[in-house]
Structure formats: C-alpha cells, structure tokens
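J.: Each chain, letter by letter, is given below.
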Amino acid sequence: MNPGAYITLSALLFSIGAVGVLVRRNAIVVFMSVELMLNACNLALVTFAKQTGDLSGQVAAFFVMVVAAAEVVVGLAIIMSIFRTRRSASVDDASLLKY
Amino acid sequence: MTGEFDVPKVEYALVLPLLVVFGGALVGVVIEAFASRAWRYTAQVGVTVTTLVAALVSTVLVGVGLDSIGGDVPARGELVVEGAIVVDGPSVFLWGLLLVLSLISALLFAERRLEGGLTSFAGQAAALPGTDAERVASTERIEHTEVFPLMLFAVGGMMVFPAAGDLLIMFVALEVLSLPLYLLCGLARRRRLLSQEAAMKYFLLGAFSSAFFLYGIALVYGYAGSFDLTAIDQAVSASTAGTPLLLAGIALIAVGLLFKIGAAPFHAWTPDVYQGAPTAVTGFMAACTKIAAFGALLRVFYVGFGGASWDWRPLIWVVAILTMVVGSLVAITQSDIKRMLAYSSIAHAGFVLVGFVGLYSGNATGAGITSLSSVLFYLTTYGFSTLGAFAVVTLVRDAGGETTHLSRWAGLGRSSPVLAGAFAFFLLAFAGIPLTSGFMGKWMVFAAAWAGGAWVLVVIAVLTSLVAAFFYVRVIVVMFFSDPGVDAPAVAVPSALTAAVIAVAVAATVLLGVVPGPVLDLAQQAGAFVR
Amino acid sequence: MSFPLLTILGGVPLLGALLLVALPRSRAAAAPMVALVCSLVTLGLGVVVAWQFDADAGGFQLSEEADWIPALGAHYALGVDGIGLTLVLLTVVLTPVVILASWRDGDLGRWSANSFFAWVLALEGLAIGVFAATDVFLFYVLFEATLIPIYFLIGGFGGPQRSYAAVKFLLYSLLGGLLMLAAVVGLYVVSADAGAPSYLLTDLMDVPMEETTGRLLFAGFFVAFAIKAPMFPVHTWLPDAAASATPGTSVLLVSILDKIGTFGMIRFCLGLFPEASQWASPVVIALAVFSVLYGALVAIGQTDMRRLVAYTSVSHFGFIVLGIFVFTSQGGSGSTLYMFNHGLSTAALFLVTGMLIQRRGSAQIADFGGVQKVAPVLAGVFLVAGLSSLSLPGLSPFVSEFLVLAGTFRTSVLAAVVATLGIVLAALYILLMYQRTMNGPLQASAAAIPDLGLRERLALAPLLALILALGFFPQPLLDVINPAVGATLSHVGVAQPEPDVDVSAPDEEPQP
Amino acid sequence: MTPLISPWLPAEAGGGVPVLPVEAAGTFWWLWLIIALPALGATLLLLGGRLTNPWGHLLGTAMSAGSFGVALVMFVALLGRSEEERQVRQQLWTWLDVGDYTVDMSLLFDPLSAVFVLLITGVGTLIHIYSIGYMAHDERRGRFFAYLNLFVVAMLVLVLADDYLAVFLGWEGVGLASYLLIGFWAHKQSAAVAAKKAFVVNRVGDVGMSLAVMTMVATFSTSSFVGVSAGMPEASSGTSTALGLLLLLAACGKSAQVPLQSWLLDAMEGPTPVSALIHAATMVTAGVYLIVRSNYVYAETPVAQVAVMAVGLVTLLFGAVIGCAKDDIKKALAGSTMSQIGYMTLAAGIGPAGYAFAIFHLLTHGFFKANMFLGAGSVMHAMDDDVDMRHYGALSRAMPITFLTFAAGYLAIIGFPGFAGFWSKDKIIEAAFAEGWVFGVGALLGAGVTAFYMTRVMLMTFISKKRWRSGVHPHESPSVMTVPLVVLGALSAVGGVLLLGGWITGWLEPVTGPEGEHELFVSPFILTSLVTLVVLAGVVVAWLVFGRGELAGTAPQRVSWVTRAARNDLYGDAFNEAVFMRPGQHLVRGLVYLDDTIIDGVVNGVAALVGGSSGQVRRAQTGFVRSYALTMLGGALVAVLATLAVTLA
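Protein chains in written order, with numbering that gives the first Met the number 0: chain X, 0 to 98; chain B, 0 to 530; chain P, 0 to 511; chain U, 0 to 648.
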C-alpha cells in the first residue's frame, strides 16, 4: 500500500501542532499542541517501520511515548508553579524577560 | 524464529563513566527520600562530587585504554552496547570535559555563603513568592537539595548525547539532559517570577524543538530504514543525489540541535533563560549544554550525514553567519550582564559553527589541526571562561541578591580589583585577545574553516569578533574607567567553593592561552569519529 | 641553544611589572624608582645585546628557538636582525625616559601609581618581544597583547575623554589585529598545505604561495599595520588617543608601539609576500605620499598641541611607509632609521608639550604666548624637538628623511617631489605652534609658568643628546640596518636602480 | 651686434670645471679648526645659559677671531701652492653610507671657499666686536653671541663642505641661525612672525635644494662635488636643466631673489648687527655661492643659465625700486641688498665670464653693505632705536665717524669711480651687455636707481635739516662700535684692489675656469663712462628731490601708484597671501573639517550604525514565547525549503 497518505497525515498533524503552539495562549494547550507534534512523529515512525519492515521504528514510538510522559510531568510542574504565582496560564503574560 | 535469545552485549568497562553518573544520580534520589534534612546538603554534595570525580577517573581510564583503529585520520575506540553508544576519542574527550566542568559547576551549586548559609536555589519551589509559606521555608532554612541529583541526570544525558550511535538514543539523551535543566531553571531563590518564566519558556520551546528533532529523525529513518548512524551514513553515501525525505530530515534534525546550541534563528530562548535562571545553572547550561549539543551535532553531521555535506553546508554557513551577527550585534546594547553574556554565548556558538563547517580533516602529513579538534578545543576554552564569568556574576550583590545591571558595576575595578580583574580577563578571553584561551580557540576554528575552504566565513567571523569585542570592552570601561555610583553593590566574600571556581577558570584561561599544547594534543589524539 | 639574552631582555621589565603589582599601595611612592631602576637594567641589557650583535654577519642573531604549540607550528623563537635591533634599542632607550618624565603622572590616574608603572614596564617587555619575534604566531600574540597595557594606560590615566579615546584606540587596533588574525590563519593553511605547518619566518619565506592567496594575506597584514602606523585614512584614532593620554603614554604609543606597524611592513609584508608587496606598491606609495601631505596640512589647522603632534606623526609615518615600499636601499634603510629617529623626536615633542600643558592646565595653543621669556630652557628644548620634527639637517630625523626621499626619487620622481613639499608644511606646523606658544608678548595666563625642573631636564637631555649625535653620526646605526634591509630587498627581488651616470670616484678602486 | 638675448647655445654647452682636490696635509691638517672654534663657542654659550652673560661676548668674539686667524693662515698657505694643488680636501668622517650612496663629512678648501671663509670670519669678527657695544644693554647678550657663533659655524659648513648634502646641512643651519636671530627679540610679535616667515620661505627654496640632491643621487649615486662635477658632462640635458633650475630655486630662497624675496624685508626685525652679517654680507649671498660652485652644472644647461640671469635682472630692479620708497633705513638698505645680490646672480648666470665678477661684487658688497648696516645701527643707537629716516637729518655733525664711514660705503655702492663697488659693478654691467641688450640695459638702469635711492638715504639721514623727535640726543657711538665701522669703511674704499692685475679672476680660475672672451659693441672705456653718467644722473635726481627744501616728518600719503607699490614691496606679500596663504588656509580648514566630520565621521558613523541596528534587532526579542516559536518555525521552514531548493534545483 501507499504510505504517502500516512505520511501526509503525519505531516498534517505535525503542522496543526506547530500552528497550535503559535496561536494558543494557554500554556496547557500549547503543551498539548507539542504533544500532538510528538504523536505526529510517532505516526511517521510507525509508518516507515511498517514500510521497511524494520521493527525499530515501532520500538521508537514507545520510547517517544515514555519521553512524552516524562515531559508532561516536568512541564505540568512548571506550568502549575507559574500558574499559582501569576494566577494565569497565558503564555503571553510571562514576558518580563525581553530585548 | 528459533527462539534463541541473543543477550545484548554490554561493554560495561567502556560505559562505566555513564553508569557511574546515572548511579550517582539515583543514589541522590534515594538520599533525598531517606536522609534527614540536616544531612541532605552534605550528603548530596558529597555524592555529587564523588560521583563526578569517580566518573572522571573512569573516563580517563577508558580514554587511556582506547584501541586505535586507524583510518585517514587515526580514530580510536569502538561501538558498544550493540552500536547504541560510541566510545571513541571525541566521546571520551567530551566526557572528560563535561565532567570537569560539571564538577566546577557543582561547586557553584553548592555555594551557601552568599545567601547567608543557604544555596541560591529556592527553598520551596512550590511555595508562592511572597507568601508565608516561602517565609517559613526561608526561616526554617529549607533547601531544595534535589538540584544535585537533577544536575547529575543532566550530566548523564549530556554525556550520552554526543556519544550516541543511534538517533533514538540521541533523542532520549536529549530529553534526559533537557528535562532536569527545565526544572533547574525555575528554582532561583531570588526573582522567582523571572526564574519561573525562564523555566516555562525553556520548557515550551525545548519541547517544541524536540518535536522538530524527532520529526527529522522519523524522516531520516524513513529514508535510511535505520536509526543507526553508521547505517545512515552508508545509505547517504550510496545514493548519488539527496532525496526530499533525507534533506528535510537533515534540516529538521539540524533545527533541533541548533536550538540546543543557541544558534540563530533558534536562539530566542537563550537570553531570556540565561537571564532568568539561577546564575549557577546558567553557567552550567552555558558551558555544558553547549558542549554536549556541539558534540552531538558533530557526530550526526560528520558521521551520519558526512556523505551529504554538500547539501547541508550552505545551511550551516548561513546559520553561522546569522548567529555571529545576531549574537554580537544585539549584545552591544544590553544593559544586563547575564543577558549580555547570553548573547555573547550565541556569538560564540557562531564561531564554533565556523570551525564546524570547515569539515577539514587535516593536511597530508596529519601534523596539523582538524575541524574536529579545533571545535573540541574551542569548547574547552569557552567552557572554562564562561563558568568563570558566571561565577563572578554571583558575587556582585546588593540587598536584593545579585545585581546584574551593568550600570551597577561601575567602578568595580576600584572597589574590588581582583574580582574585576578576573572578570575583565574572562571578557578579554571572550574577545579573543592573545595570551588568553579565547584567542587560541578562535585561531583554531578559523584555521580549520580556512583550511576547509571557508575563508570568506573567516573574514566575516573576524569582523563580527570586532563588534563582539566592543561590548566586552564596554564592560571593562564601566568597571575600570567609570566612577562607582552612590549605591554601589558590595562584592560578597565567597566561600572557598566559588573562589575555587574562579581560580580554576582563570588558571585554565591563562594556561590554555599560553600553553595550549597539552590540551590541544588531547583534542588531536581524539582523532576522528568511529563510524 | 645559546644564552637566552633576548628572553631576559624582555623578561626583566615584565618581572618588574609583576613586582610593582605586588608592591603594596602604601609604598606607591617607591613605584617610580623601582620602575626606573628596572628600565635602566633593561637598558643595560639592551646595550649588551647591541654589543653582542655583529653588524657584519647579517641575518638573525642571538636566536632562541623552542617548540611552543607543535600542532600549530608555533614556536617560541626570538632573534634580532639590524631592523629588529634598532627598534629594540629604541624601546629600551625611551622607556627610562618616559618613566622619568612621568614621575608623578601615576598619581593623577584612577588607580595607584604602581599600576601606571607596572603597565609601562609590561608594555616595554611586550614591545621588546614583538620586535624580537621571529615566529609569526608569537609576533601576532605579542602584537595584540601590547594593546592591553596601552589601553589601560590611556583609559586609566588620561584626560577627560580618556574612555572614549581608549575604546576607540582598542577597537581600531582590534579591527586591524583581527584582519591580521585572518591572514595569520591563512598563513597556517598555506604552510600546512605545503607540509608540516610552521610559523617560523625562515620557513614561511620559502613556502610556495599562490598569487591570489599571497595578495589576500598581504592585504590582511598590511591593513593591520597601516592602522597601527597610522596611515591615512585609518589614522583618526591617534589624535584622540594622544589628546587624552598622558604625555608618557603618548610617547609609548607613538614612538614605540606605532613602529610595530612600519616594522611589520618590512618584516612581514615584504618578507613574506614579496610578490604582493610589489603588486601593491603603487597604491601604497600613493597613500603614503598622501599621508605625508594630509597629516601635515591637518596638523597646521590644529588648535590642540597634542593633536597637532599626533598629526605630524601621521605625516612622518607617511614618509616611513614611502621609504619601505620604494624598494631601494636608501629608502629601506632610511625608513628604518626614520623609525628610530621619529621615536626620539616625537618623544621629545610629546614630553615637552606635555610638561607645558601640565604647567598651564590647557593644551590649547591659544592659551599660551611668550613662554620663552619665563621658561627659556623649556622653550629651547621645545624648539630643538620641533626642529627635529621638521627634519632640520644636523638633527637625526633629517638623515632618515633625506634617505627616504632620495630612495624614492630613484624609483618614483613624482612621489618624491610631492613628498618633498611636506618639508615646507613641516616648517609651518612646527614654527606656527612655536611662535604662538613661545614667542610674542607674554600672556598673563602664562606668566606663572616655571621653567623645567631638574628631573625634567634629566629626562629630556638623553633624547636631545641622541637626536644631535645621530644627526652627525648616524653611521653606526646605519651599519646595523643596512645588511638587514639589503637582505629584505633581495628577498623581495627588486634590483636597486642603477645610476644614470657611473661616477667612480678616482680614489675608490673597484673591489676585485 | 649682440643679440637682444643671446640664443641658447647648445654648442657652448660643456666646459665645466671638475673638482679635483688633493688630500689635506701639513698646515691644512688644521682646517677643521676653522669650524671647530666657533662651534665650541656656540656649544659653551648655549649650554652655559645665563651663567655666560658676564663673559659670553668675549668668548664668542674670541672664537670668531681665532677662526679668522686660522683662515688667514690657511689662505696664505693656499697662496703658496701651485694652481693645480689649490683644492684641498680634508676627510673628517663618513656621514652616511647606504647602498651605493656615501656622504663624507669633509672639507674642501679651494680658492672659492677660501675667500668666503675670509669674508665670513673677517666681517663676522668685526660684527662680533661691534655687537659687544650694540648689545651691551641686552640681558641676553650671551645668548646673542651664541647664536652669532652658531651662524658662523653653519655658514662655514656651507662654504667648506665638499658634498651637496653637507652644504645643505650648513644651508639649513644658517637658516636656523637666521631664524633665531631675526626672532631674537621674540617678545615682539612682528619679530616672531618675521622669523617664522624667513624660515618657511627659505624652506621653499630648500625643496629645490633637496630635490637637486636627490636628482644627483639618482643620476650619479653621489652628491659630492667631485662626483657630480665629473659626471655632469655625461648627464642628459633634461637632468642638467632640472638640476640647474632646482639649484636656482634654492638660491632664490636663501638669497631673497624673486619670487622668494618677501622674507628679507621683514627680516630687518632682527638686531642690526644681524642684518649686517646675515642679511647683507654673508648668508644671503649663499645662493650666489651655490651657483658659482655649481658652475659645472650650469655649463651643461644654457636654459638654466638664462633663467638665472632673468632672476637676477628682475630682482635687481625689484629691490632697487623698493629701496626708493622705504623710509625705514634698514628696509631701504634691505631693498638695496636684494638688488645688489640680483647683480651677483645676473653675473653668475652669465657663466665663466661672470663668475669671478659675481664673487668679486659679493666681496665688495660684503664690505660696503655690512659697513652701511652697521652705520645704520650706529644711527639707530643714537636715535633711540628709531628707524624712520624722516625723523633723522643732519646727523653728519653729530656722528662724524659714522657719517664718514657710511659715506665710504655710499660711494662704493653707487659705483663712484675708484671705490670698491665701481670696479665690481662695472664689470658686471659690462658682461651683461656682452650677453644681451636686455640684461645690459637693465643692469645699467639698476645702477642709476641705486644711485638715486642711496643718495636719498644719505641725504635724509645725514645731510638734510634735522627732524629729530623730542628727547633724542644723538651722539657718536662708542669706539667698540666705530672701530669696525672704520675698518669696513676702509675696505669699502679700497676693496677694488682685488681686481688689480685681474687677481680675483686668476685666483678663482681653478674653480670657475678661465674667464672667457666676450665681445662688446663699444670699448669698455665708453661703457664705463656711460655707467658713470647714469649714476651721476641718479644722484642729481635724488638731490633735486630730497636735497633741497624741507622734508616732511611723516611720509606723504598722496603719492603715485609706483611709490605706493614700492612701499608695499611691490605687492610681493599681497601676492603670496592671495595665491598661497589664503587658499592654503582654506585648504587646511577644509581638511580639518573633512578629517573631523568625514574621515572620523565614517568611523563614528559605522559605530552608530552598528549600535542603532543593534537596538532594532533586539526589538525582535519581544519576550513572548509564541513569537519565539514563530521565529523557530519560520527558521525551520526556511531551512527545510532552502535545503531542498539548493539541492534539488
């Protein structure tokens, strides 16, 4: 079968994620968008693995999931602490450091 | 399927340094869980220092025992752990360098005298700034000693990053080094708001860039059918023309790595994070992260994509120029020392890229330098000076903690000439004045670039160094030629820890500037990458 | 390796600088004396070096060589030929004079007197190293390192504009230095391509080089040296620096450090890139001649004495560069001698104007008048210094200026004729300044100016004595210079122009 | 028939006399002492400073006199030698030796330099003696004698050197001494300015000298008299002409010839003995010396010879006209000096036929002009340093010695038969007529004008009714001043004996070559009579204008344009100012502006530009994490697309 569709889908997902990072203000949503990008990668990895018959791509997807989970832990901690301080989850509010 | 189970071969002796560091980190976690609060600091510092020293010793042992495997440029070492890790000359050199710098950073982390007996990390990161909880944490002298194991994890990640023989391991290493750093950035005791903002920015952008990196990996995997750098190299070399898959993959992997080294236009996080993070962490990041990321960049592009160098060299050319120009240019008008140093580190990344892009593998006799050795040497010089400079920044303080505004540093040369002298010396090194390590480093990367045919890049680099020199000189002018303001900051008397850091950094800056021979020889002997 | 005389020569002042740094601030009063003794010891060593030097032997002498950074081909290699020796001697002669003349200048600065004299001695040591280096890498390192002492001397002990002047000086010099760095790097590549990399001058002279590469590298070196020298149009840092620095610093800067520029042109531009030097010579000669006239004309229009003297140097350096790039023995020897003589005469001029300025608290020419009535000795010294600057025959600069012009005339009549007009302008800028400050009715504001004190006379006397002595007996120095210049010219490969008419004096039999 | 201006005669080119000296030995071993003595004096006096005031004048005079003594001995010794051995060279040391070019510090004592040495040390000593009295009340008398000795040294170097570069040493040395002495009373602004002007204008001439020496180095690889004289015949005509013109330029500067004449009148700001010694008797004649010395150059270049004559002719008329209008006694004499040197230059330009007469006139002029300057000094001394002749009158009674000696000089300069000037000037006019009508008539006219203005000076100062300012009581000067006057007066009267039996021409023959024949359209006697008639006419006219009736105490303002022009030095200064100074000042101002705003402005502008763009670029760092992400995404997109485009295109 043609893997093009999967790859296209993966690229599409990646792009949606990337655009999401750009347009959403809420830190949580931004973070979710990043996760979407990672999952797009997973899709691509799995597709290529299937295409070449090499298992390592599929294994990689699991690695990525674990990494993403770890990222969530760290990310949420950071976002939580900043939310508690600022009473806002908007990434645009945190802009003291500039120029 | 025969059902036979091949036990993966793990060369424990060769990856011992990694095991020691990760083991130490785990011990730190255990200590954090079980040791009483009174002992935690002592125990953590002890474990950290011991771990790093032990890792360093084992690195030396590994380095001494590396087998030579020959080649155009003699390479030493081998692929271990089923090709996941490459223990070769460059890896060992970078390990050693990372461990030494981490050890020095650890001393900065452990400094307690400046904050009245507490470390410079937030007592309780979860406590809101300005609330009772924070005050209690402060009066009860609570400390986040988790920073030490976090740091060890980061060090471990950094060590794996440039030694990874396969892209997946590299990605994991990237995350292992990044995640602790995100946290460490947000742990400043003073100016919590800035610190948290830095952490968040670093985290979001770091994750964002990881995604690019990963997608790049996926594409390359799609092209080569393997994560293995050796296999990728074969695939790349076998084909005569690049395919969109490979090229896009290369570009995206480059984006991920260039983000980590802070190259323009992927540098935007650097100034904000460097400024907001606790200074000790900034120093650690500035020195070690950059080294690890450059190590990875070298490995991926020299080993994996070496066959496609004509495809990616233009990209790196442009990025190098952009990085040098942006870093130098914007630094001119900075008024905050830490921020200025951040931009300076961006400019330095550009200089290293100049050496990197030369792709010079030595002359016919093998007597001279190579691109690889020049970059390794530059990273060494840069690491020490940077750590030293940030160490000095921690010492200039007033009631509100560190005073990093440039105007407050006026007249420092008169009130504390030694400290100001040391800082000026680091600045001169950054500017590349001879008899400092910075000069030697610059010389090497420029020579490698020119030898690789990139003399135009060298000339551009030289001109941007002039712009860069301007802001270093400006700081010297402020420190030495201006009168101190009325509320001049006091220079805190550091404990032996910070003093040692500065002393070591000065010594390294001098020695590498005057007798660079031994270290250069080490970098030379690192030879080429093992494929 | 023989006895490392040159290392010791350069090392003594550096050690002296360290000693001064270690000297407690409470003992700052002793600093000038320590510095003076140290510089006199160096002077003594310098005399020993000159005595050991065999003028007839030619080539580099008193050589020392050790590997420094093998991977780069860098060596710790010292040695002097006649050109290097001349400038080393200039350095060791001028430093004690500067220290003596600046006895109290250290107190005026931002920091202690210790640091002033420490920087002075450090500068002396580094300058000696620069002139004695026979390895390009070592030369470059020391060349750039000299910037630091002078930077702090200007910025720490100068006038109101010192920060600006110091930064301008440093950045200008760095611009040149970094371009040269690129060229030095390029030399490495050329040398590495040809075999084992080596920065030794003697090795580099034999390295084959492509024409384009040679010209590019030449440009890198030349721009750096032109900025250092300074030549039009990259001279504007000098007036600012001279106007802001103390007189002693100006002397070190203009009389010694700027010589590195012209020294470098002979040693490196001509020595390493003979083909490119010939290729560039028409442009360089034009620039040099323009510098001569431009510096002189702008000097005439100055109202600040220090800036005026600075611009005269632009003019003088034009002569020096001119002599170097006409590739005749008279031009080359004249230029080298000119470096020495210009060092002396400008030193005298800077110091005496400095003493004048310090007495009155103003550098404006208009603030003086009739000073010779109240301070005849000062006026007399001023006049002699000025006359030497305008190259009056009988004073040392004349010999060198004439040789440069005569050497130029042999290859480019036009350049020589135009440059000769500079001597009229020189008379104007010196005598106008002298007339307005020293002659005429005594101005009330200048009436209280005391004459030179004993220390000041002691500082200036050696300069005047040398200026006068070398005016009549330049030959000992020329004997040292001639072989080195001859060797350089034969390396460049330009034949000395033959005279149109062969006049063998009847009493000179042709040598068999 | 002689042509209007003789055509340039290439056929006549050549015939220069090579310099072939013999080594100094015996008596001549002491040659260096001539220079060393005054050099010692100058050194001691300069280093001694105020300490020397009590005895400085004695030392200075003694040194000069000693030098004269040695010179006399040398002269006698030279007389005793055969003509071939009258060029004596003493090698002192090698000045410089670079490549194929060597300059020796050595002395050449030959008939030409011998007479110069005698003139310099002889008249110099007299003026030293005179100065003892003249400067008696000056607190810096020691310094004055130091400068005088310095001048003597430099002048002796100039005439004794045997290499053009060494001549240049003395050449500029006398310029320095002149500078110091003109500006001796530097507290007067006018003196300071005049001194500077003299030096700078001389420097213009020195450019010629420098270039001449360079030409020699390029052509012959030597600048010694021996080498140049030997090589000249083989030099190309272009080189010869260039050399001749360059040396002429040098001579113009030092000898105040048009167009470099403007400094001499201002130089009268110096003390009067200085005017007598430097600006009348010796230094200003150095140009003539140079031309005569370089006869072997001019022998090859008729073009330059004509130029020399033209300069001489113009200057002799120029100076004479100026001399007619000046009321300042010293400036009137200065104009006369210019004019007389014009005569010498004219003679020198004629070639072998004129060299000896140029030198002859130079010597007699040295006597009578020094005499008159010192006389003028004596008068000024009596009149409280007033120099305006309109305030004089009837001084012959009050100052008889001064009057009589001055009168001797007067008669000599106008060429009264029998007096020194009569012989020398007459010969020049004769030679000029032989060279061409224009030169002859000009020289003749000059003689008439000379008679006019000198008679005017004589009348206004000594004869006419007294117009003294109140409080002035003229008296004769002390004997220390009058004795030199008497000696010089006597020499002015009898200086002509040098021509006796053609001695001077014979004496100079080893240097200048044989006199050569010239054709005259009339017999010399008739010409001499004509000259005398013209001179007489000048005297009569002057008598008619100034000798009768009252003279105004101040200069009349309603005068003809000629007078006005003459009073303004024939607008020499105005010309210089309009052509050189003003444009020069504008140029300087423009360049200073250019340097400050453009050259330095570019530097500062680049710095500002970098700083400004830094301010712009840093605005991109907005602080918003999403904008950072946008940058990254954009960068990544561009990276991907560019890589694809570059490779796949």
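These are calculated hints, taken from the structure and not from any lab test.
It is possible that some hints are incorrect.
Interface residues of chain B toward chain U, partial, derived using beta-carbon atoms under 8 Å [as the list claims (entries may be wrong)]: (1) 4; (2) 243; (3) 246.
Covered stretches of chain B, as calculated for chain U (at least 3 residues, CB under 8 Å) [as the list claims (entries may be wrong)]: (4) 101-113; (5) 120-133.
Beta carbons are placed, not taken as given, at the ideal position from N, Cα and C, and that holds for glycine.
J.: Now, for every hint given, state plainly whether the structure supports it.
T.: Comparing the hints with the structure gives:
The beta carbon of residue 4 of chain B is not positioned within 8 Å of any beta carbon in chain U (closest approach about 42 Å), and the interface hint is therefore violated. The beta carbon of residue 243 of chain B is positioned within 8 Å of a beta carbon in chain U (closest approach about 6 Å), and the interface hint is therefore held. Hint status for residue 246 of chain B relative to chain U: holds, with the closest Cβ pair at about 5 Å, below 8 Å. Given a C-beta distance limit of less than 8 Å, the hint that chain U covers the segment 101-113 of chain B is violated, as 0 residues qualify and 3 are needed.
Counting residues of the segment 120-133 of chain B whose CB lies closer than 8 Å to any CB of chain U gives 0, which falls below the minimum of 3, so the coverage claim is violated.
Hint compliance for this structure: hints 1, 4, 5 are broken, all remaining hints hold.
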